[in-house]
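If you read the sequences in order, they're chains A and B. As numbered in our numbering, residues 783 to 1054 make up the first sequence, in order. As numbered in our numbering, residues -2 to 553 make up the second sequence, in order.
Because the hints were derived from the structure by calculation, they are not lab data. Any given hint might turn out to be false.
Below are the EDC-like pairs computed for lysine to aspartate or glutamate, each with C-alpha atoms no more than 16 Å apart in a straight line [said to hold, decoys possible]:
(1) Lys533(B) / Asp859(A)
(2) Lys977(A) / Glu940(A)
(3) Lys954(A) / Glu864(A)
(4) Lys16(B) / Glu516(B)
(5) Lys954(A) / Asp935(A)
(6) Lys533(B) / Glu864(A)
Treat the numbers as computed from the prediction; the structure is a model and nothing was measured.
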Amino acid sequence: MRSAILASLACASLLIGGVWIGQNVNLLPTDASINAPVYDELFKVLFTIGTILFVGMAGLVVYSLIQFRRKPGELGDGLPIEGNLSLEIFWTAVPAIVVLFVGIYSYDIYDRMGGMQPLHHEMHRHETSNVQERIWGGIGSGTVERTEEIQTDTLPIEVIAQQFAFLFHYPKGDILSGELHVPTNQPVSMRMESKDVIHAFWVPEFRLKQDVIPGQPTILNFTPTKPGRYPIICAELCGPYHGGMRSSVVVESAEDYQDWFKKNSKDTILDS
Amino acid sequence: MTIALPPNDQESPRELQPKGWLRYFSFSLDHKVIGLQYLVCGFIFYLIGGALASAIRVELASPVSDFMARDVYNQVLTLHGTIMIFLWIVPVVNGAFGNYLIPFYVGARDMAFPRLNAVAFWLIPPAGLMLISSYFITGAAQSGWTAYPPLSITTPEAGQIIWILSVLLLGGSSIFGGINFIATILKLRRPGLQLMQLPMYCWAMLGTSILVVLSTPVLAGTLVLLSFDIVAHTGFFNPVLGGNVIVYQHLFWFYSHPAVYIMVLPAFGLVSEILPVHSRKPLFGYATMVYSIMAIVVLGLVVWAHHMFTSGTPPWMRLFFTIATSFIAVPTGIKFFNWVATLWGGRISLNSAVLFSCGFIINFVLGGITGVALAQVPFDVHVHDTYFVVAHFHYIVYGGSVFVIFSSIYHWYPKFTGRMLNENIGRFHFLITFIGFNLCFLPQHWLGLNGMPRRVAEYDPQFTFINQISSVGALLMALSTLPFLWNVIHSAFKGPLAGDNPWRALTPEWLTSSPPPVENWTGQAPLVIEPYGYGKEHKEQINETTANTNSEKKNQ
Chain A
783 MRSAILASLA
793 CASLLIGGVW
803 IGQNVNLLPT
813 DASINAPVYD
823 ELFKVLFTIG
833 TILFVGMAGL
843 VVYSLIQFRR
853 KPGELGDGLP
863 IEGNLSLEIF
873 WTAVPAIVVL
883 FVGIYSYDIY
893 DRMGGMQPLH
903 HEMHRHETSN
913 VQERIWGGIG
923 SGTVERTEEI
933 QTDTLPIEVI
943 AQQFAFLFHY
953 PKGDILSGEL
963 HVPTNQPVSM
973 RMESKDVIHA
983 FWVPEFRLKQ
993 DVIPGQPTIL
1003 NFTPTKPGRY
1013 PIICAELCGP
1023 YHGGMRSSVV
1033 VESAEDYQDW
1043 FKKNSKDTIL
1053 DS
Chain B
-2 MTIALPPNDQ
8 ESPRELQPKG
18 WLRYFSFSLD
28 HKVIGLQYLV
38 CGFIFYLIGG
48 ALASAIRVEL
58 ASPVSDFMAR
68 DVYNQVLTLH
78 GTIMIFLWIV
88 PVVNGAFGNY
98 LIPFYVGARD
108 MAFPRLNAVA
118 FWLIPPAGLM
128 LISSYFITGA
138 AQSGWTAYPP
148 LSITTPEAGQ
158 IIWILSVLLL
168 GGSSIFGGIN
178 FIATILKLRR
188 PGLQLMQLPM
198 YCWAMLGTSI
208 LVVLSTPVLA
218 GTLVLLSFDI
228 VAHTGFFNPV
238 LGGNVIVYQH
248 LFWFYSHPAV
258 YIMVLPAFGL
268 VSEILPVHSR
278 KPLFGYATMV
288 YSIMAIVVLG
298 LVVWAHHMFT
308 SGTPPWMRLF
318 FTIATSFIAV
328 PTGIKFFNWV
338 ATLWGGRISL
348 NSAVLFSCGF
358 IINFVLGGIT
368 GVALAQVPFD
378 VHVHDTYFVV
388 AHFHYIVYGG
398 SVFVIFSSIY
408 HWYPKFTGRM
418 LNENIGRFHF
428 LITFIGFNLC
438 FLPQHWLGLN
448 GMPRRVAEYD
458 PQFTFINQIS
468 SVGALLMALS
478 TLPFLWNVIH
488 SAFKGPLAGD
498 NPWRALTPEW
508 LTSSPPPVEN
518 WTGQAPLVIE
528 PYGYGKEHKE
538 QINETTANTN
548 SEKKNQ
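The shape of chain B in the complex, shown without the other chains (with noise of 0.2 Å):
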């Protein structure tokens, strides 16, 4: 592995690559770049996904259609859905802490592929700015971000095409991320360090680049023969011509389910860094988290027809994938368990990280539990496409993944930057972003059970006020957003100094400086075999030794 070697101070290639700010926004080749580039890049699609959120929420404010047209309506919520999936969660909790964190993690100096990681980051602005501009120019598609046919192919055409072109780009820089985690993890790992002493977000990543590569290929052959029922008339999914349009929702969840797993596994991977940290205790249950990761990923590639229990579904069919999601509840409780015995008996520090971590525990455990009801096919046919389904994966895309991903950035701030974020004002993040959030879904229910549908710009009269307490939720969950910008802007540039350690952590991103210079460690990579190695005064003795070699000598 050439990576691996020591790196030539005087003659580098780095020193091609732009210095300084302008390193941002160049096809930089180092890893922690690029992580940062997916981490901006996604939360300023956040931004767009999350005003097209507020104008959902305005137009359902009133039963009647009055704030947009309906059509207009339809797109909104089509690339709501789609940026938020595409733009926001799957780049950032893959692409932006993946890449900053895995080698660091796997004690090397880079990605396997550093050019290919370059590509697949860079392809994300293109996709992203296509699928917008595609709201003003031709109008944006209307059929959902599961672009269901026949409606996807009797929509207006043209946005239904970016809107597919966009999708298999951001699909093709997924799977290059796969690839490269699944290549670094196996392969880059410094000599020494054994698969079952790696921190948990490498498992996590293993796992979620396994379903990455095995399930988007999928999405994307399908998108395509979509395309050519559009564009060249053919009749794969068009039952004017004799398509079914069944097959095109199989093979459309056989991606998108586990897409749902390729969002929380690495939060949940995520969250088991977090957690030790602040707790100062060893992360509970190592190797059944793994296995449970394991579990989860070979689970979810054979439960995607749980939501198609209300189409074309024969009754064994309904019953195998009622089975078979209602055991995924069995691993993912597991690591839920777990993350509450780290917390028990440690010496927690209540700050941001560890509020939003918590939150994501709370919101989680109830998405789960709707989730595990979801999975009963005759409860699904009552709450299949209303708002209670919208609630519930709200709970899991949000309330979890949204939850880590805050709470990773107040995590790995100091490492990013060098500067700490102003905790007073991350608390009180936490707390509003936590009470908007649950105001606005958990009336979702009962919105669901008693009646009404999901994606619809009109509803009965009789749901108004619980939609406005909805709406109301939404709108603080919109205020939230402006202390954390505030935060992170202004703590960049006045931030007190965070040091090389400020949390005492012992995974090795923390054993180099803050923000860590270009391939990582001046020296040699450390060789950390016990990442969770709390409470034991011996071990942290062995690491600190480990760390040191950064400021000694250079080059053995």
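This is chain A alone, in the form it adopts within the complex (with noise of 0.2 Å):
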């Protein structure tokens, strides 16, 4: 009986320091993209269910060392137990629950994110004419979170990497720039190409990873939402220099981005 209300106290007191650690540590960076804090509501789902599993299972483990280890001088066998139905049916079945929760929660998660979208390029499509173009990637449009101060029309940005560093062309204006300029609220839809080796472009404040392949463009769409200067890092092994292969991405107000295009542009030139 007493066993019974230790065991069931610490179960408790694991679910809820679990859930506890899950919402309060913070192992992330500032999100600063509209799918970075759906991208942190699912990391919190998951730190929780994985800190309560591996605290679990570890005080299992070290419990049942301490509690049934051999005192000295007992020489005899433990008991002969080989197997109960009752309780592999119930760690096949929980398991199994878990997973497919949370496996339905990340696809919402990953619908929310934009990635069960059609990948439309009216941008692009201009340039893909004449041949069906093979085109991946695409996580990060996401209508569902978009609020009414977000602006509908898209910025397109064609990418090109090569080794050892990233190039962003504005087609708008003919803007060729080493550093990614970006307004805050405004959907960006990034066309990536490399010129040699594989490259992979990563903002982890944007929660956002594609792959930049040779000879098989990929769309990356996100939405800046904090202002700010964030690194822009090639995660896909490129070189020797693959380390020193970094940018930064702008993040600014629609103002100052407006000044940046504005003093960059070629067709405004013209225009004034």
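Fit the two chains together into the complex; they arrive one by one in their own frames, and the hints show the way.
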């Protein structure tokens, strides 16, 4: 009876502790795009479940080692228990339910991030007139999260990756930049292609990554939300200077972005 | 089966084999000699791979590239990965323990194809030497152990070709071994021994060998095509010539994800042998353990594309592989719950073998949890190719497989040598390995989440402190090898004599002398139908009498 109470107390504190840790321990950098808070939601759930499972299993192992250790002078065997069908069913069903829940939940998250949307790319269509292109990627164009303040027109950018730099080309204004400038709350659609080997475009604060592949364009959509300067990191081994293949993305207010755009644009000089 | 026949004492062909220590350097056909050849050879490569890992951690102790040249760093990380996977873990958990134990477990005198077995081992030293010497002669491969084109096509050719050749040789060795294990387990069983009475390691090796035979040829074919691209300038994977780099990734991971199970399933089997002996209890849930191994084998073949969530994968494929991968957690979880249930209510000796096995359970549970997280596409797009992944797979292959290899060495050393290891040094070895390992790899999860990609020689200075903690952990891991080496070498000469069965174990390898004679039993092989019958007094007596057939009259 007493051990049953202790065991249920241990379980309860494990559950509460796991939920508390999952909610209060933050292991992630700032969230600076519309899908980053969605990501962090998923992370909290996974972190909570993971903490409970890990502490529970490790606790059981350590407890067994202490409680059932052989005391000096003991020579006998343990109980000849060879199995228990209902226990086996229990610990097949529980992980199956947990995994199913995690799978369905992460599908929902994936959908909210725009992972299930067909990849339309009107912006880039003119280049793909002759061949049916294989365009893959495309997470991060979620519509569900869009609020009133987010503009509907998309900013197209072409990304060229090569050993060991990223180049950003803005078709509107014909700007070629080594640094990515984007305004807050405007969806950005990047069409990326590599000139040599496989690279990957990663902004930890956006929680997004997409490989940049030679001979096969990939698409990455995102909507930045927080002004700031964040690192762009190449995440796929691309040669000796892979570690140095970094750039920054500058997320700025619409006005600051317009200033930058006007200063660098080739079209506006002609217009004015 | 000729091998199942009793031996001819006088005119045995085995007399032609060298005796004494020389046989370990010979083309011996004895499965026990080959097993130990695999083990010692693998351990030497482990020391080399470990030295390379230390070099990587020294480089990463500072955020700038200052310890070695950048291309040398890429060579070092490529060699580290290749050596640890293909020359240490795969040969040792399969070749070493498989060769030593499987014939005992099925009641045979040797493997089904002893010559093929010896050939499989002797492919390894030349392949390993070739791989390592490429560093000194032409410069080693620089494209990581994954050798993704077009990087592997554009980096210096000689090193890459040597890398391909040695991986092909090692893959061949692995396939020979796999065929041999399948044949031995299915066809060389002692009459009267049912499949469902075999020790769990046999099931693990059967499952692993099926994976080896199904998936390794795919890697071999892929690497041959890659070598054509490099040498003959064909365009299979070269986008300049119209090739497709994503196809390579699919073919590569079709082998290399099952390779993870090739490294951990035998480890699962070994733990299933070790825990019941030292906790004096039957293995809990034998049948579910068998089914879960086979479920892992089947699922393991259809999850490869979770390594490619950020490369070219359409949405449906991302979803399918997310779900398939997540479900591997179910059979794997069953195994872990069964091990804990095996410990529960036992009389556990807290010796080095048990500590390393339990360290394995704790490490692997953490690696498994991060594995389920990584299987979720939206989670993976942030942490893919970062230190989070580095931490995850080291929890699987080091915290998992390598801990089990150490546990197994502590458990079977008395059988190998007839002498006991020093337990105090063993427990000390466990303590610093466990602390060093967690200090090295636990912080790397945070590094990955916060923006440190893998395979870099330089990084953002904000990560310096955590990287230094990780490097201190690596130093502890490197130092932990020293007491182990001293223990193993010293005990081989000076350790107390073990007797035939120091652990009072019931599995068949302990029912003969330590070390065992050339054909395993002087008499008939004992029929062990309850390898885990601990706590059943009457059963023990039956086994006792079977074992006594050894010391009784020879030949029937």
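Here is how each hint holds up against the structure:
For the hint pairing Lys533(B) with Asp859(A), the CA-to-CA distance comes to about 8 Å; that is within 16 Å, so the pair holds. Restraint check for Lys977(A) and Glu940(A): the C-alpha separation of about 13 Å stays at or below 16 Å, so the hint holds. Distance hint between Lys954(A) and Glu864(A) is unfulfilled; the C-alpha atoms sit about 72 Å from each other, more than 16 Å. The straight-line distance between the Cα atoms of Lys16(B) and Glu516(B) is roughly 14 Å, inside the 16 Å bound, and the hint therefore holds.
In summary, the hint linking Lys954(A) to Asp935(A) is supported, as the alpha carbons are separated by about 13 Å, within the 16 Å threshold. Restraint check: the Cα-Cα separation between Lys533(B) and Glu864(A) comes to about 11 Å, which is no more than 16 Å; the hinted pair holds.
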